[in-house]
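Novice: Sequential numbering from 1171 applies to the sequence shown in our numbering.
Everything labelled a hint here was simulated from the structure, so no lab data went into it.
Hints should not be assumed to be uniformly reliable.
With beta-carbon atoms standing in for the labels, derived distance ranges [as the list claims (entries may be wrong)]:
hint	residue 1	residue 2	range
1	S1265	P1290	40 to 48 Å
2	M1186	R1329	28 to 36 Å
3	N1236	S1338	30 to 38 Å
4	M1288	N1188	17 to 25 Å
5	R1231	G1323	42 to 50 Å
6	R1231	K1185	45 to 53 Å
Keeping only pairs whose Cα atoms sit at most 25 Å apart, straight-line, the calculated DSS-like set for lysine-lysine is [unchecked claim]:
hint	residue 1	residue 2
7	K1281	K1229
8	K1216	K1249
9	K1216	K1247
10	K1283	K1229
11	K1247	K1229
12	K1247	K1185
13	K1283	K1299
14	K1281	K1314
15	K1314	K1299
16	K1229	K1249
17	K1299	K1281
18	K1314	K1342
No experiment lies behind these values; they were computed from the predicted model shown.
Beta carbons are placed, not taken as given, at the ideal position from N, Cα and C, and that holds for glycine.
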Amino acid sequence: MEGVNGIDTVAGIRKMDNDVPIAFLTTSLDHALDGYRYHVDRYITKPLRTGDIAEAIHKARLNKENAPSVNIPFGGKSKRVPLSRVRYLESQADSVYVYLTGGAVERTMLKLKDLAVMLPQPPFFVCHKSYIVNLQFVEGVDKKEGIFEMKEGGVAYIRRESRSQAASVYRKYMFDLARGQNI
């Protein structure tokens, strides 16, 4: 790939998906620290040893299988959804729309309150009778307008009487994340 290096490629991938497993295959350790910054799962140097690629794939599969998830019925079939893919949920009439990373939207007939008890808080936060947000996908809070601005687009409304609390919960979440606390 002339003119494009692996670090730039990974930076672009991470803007779209923070969880996809990535392994570097390289002849040099020059960018090992950059790989760490972008949460690269494996840094494999050439020449390859027997099993290096298989080991990286095996680790990625194990991480996927063990990722926290929730089973949600969509269209009559229960689907295992990794929590790290759920951006926010919105109740409309008798359906709840689950907005996922990558622009996917799924519809379920479950009530929002029933889904709320299935989701860990934090990072999930019930901000309105019709919305639950995953705080890791909040781009910002507009207290005046009463909305969470979401990464990858969209907004989630905040009930008027909870706007200060919502901003406080988001701020605490971000501080805890910066401190490296498990959330």
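Novice: So, for every hint listed, does it hold in this structure?
Specialist: Results of checking the hints against the structure:
Our hint of 40 to 48 Å for S1265 and P1290 is violated, since their Cβ atoms are close to 23 Å apart. Judged by the Cβ atoms, the range 28 to 36 Å given for M1186 and R1329 holds: they are separated by roughly 31 Å. Judged by the Cβ atoms, the range 30 to 38 Å given for N1236 and S1338 holds: they are separated by roughly 32 Å. In this structure, M1288 and N1188 meet the distance hint of 17 to 25 Å, their C-beta atoms being roughly 22 Å apart.
Take R1231 and G1323: their Cβ atoms lie about 30 Å apart, and the range 42 to 50 Å is violated. Roughly 24 Å separates the CB atoms of R1231 and K1185, a value that falls outside the hinted 45 to 53 Å. For the hint pairing K1281 with K1229, the CA-to-CA distance comes to about 36 Å; that exceeds 25 Å, so the pair is violated. Distance check on the hinted pair: K1216 and K1249 sit about 39 Å apart at the alpha-carbon level, beyond 25 Å; violated.
Between the alpha carbons of K1216 and K1247 the distance comes to roughly 45 Å, so the proposed pair goes past 25 Å and is violated. Simply put, K1283 and K1229 have alpha-carbon atoms about 35 Å apart, too far for the 25 Å limit, and the pair is violated. About 28 Å separates the Cα atoms of K1247 and K1229, which puts this hinted pair outside 25 Å; it is violated. A C-alpha spacing of about 31 Å is found between K1247 and K1185, which places the hinted pair above 25 Å, so the restraint is violated.
Taking the CA atoms of K1283 and K1299, the gap is near 8 Å; set against the 25 Å cutoff, the hint holds. Only pairs whose Cα atoms come within 25 Å are accepted, and K1281 paired with K1314 is rejected, the gap being roughly 28 Å. Only pairs whose Cα atoms come within 25 Å are accepted, and K1314 paired with K1299 is accepted, the gap being roughly 19 Å. Simply put, K1229 and K1249 have alpha-carbon atoms about 23 Å apart, close enough for the 25 Å limit, and the pair holds.
Only pairs whose Cα atoms come within 25 Å are accepted, and K1299 paired with K1281 is accepted, the gap being roughly 11 Å. Taking the CA atoms of K1314 and K1342, the gap is about 19 Å. The hint holds against a cut of 25 Å.
In the structure shown, a violation is registered for the earlier hints numbered 1, 5, 6, 7, 8, 9, 10, 11, 12, 14, in ascending order.
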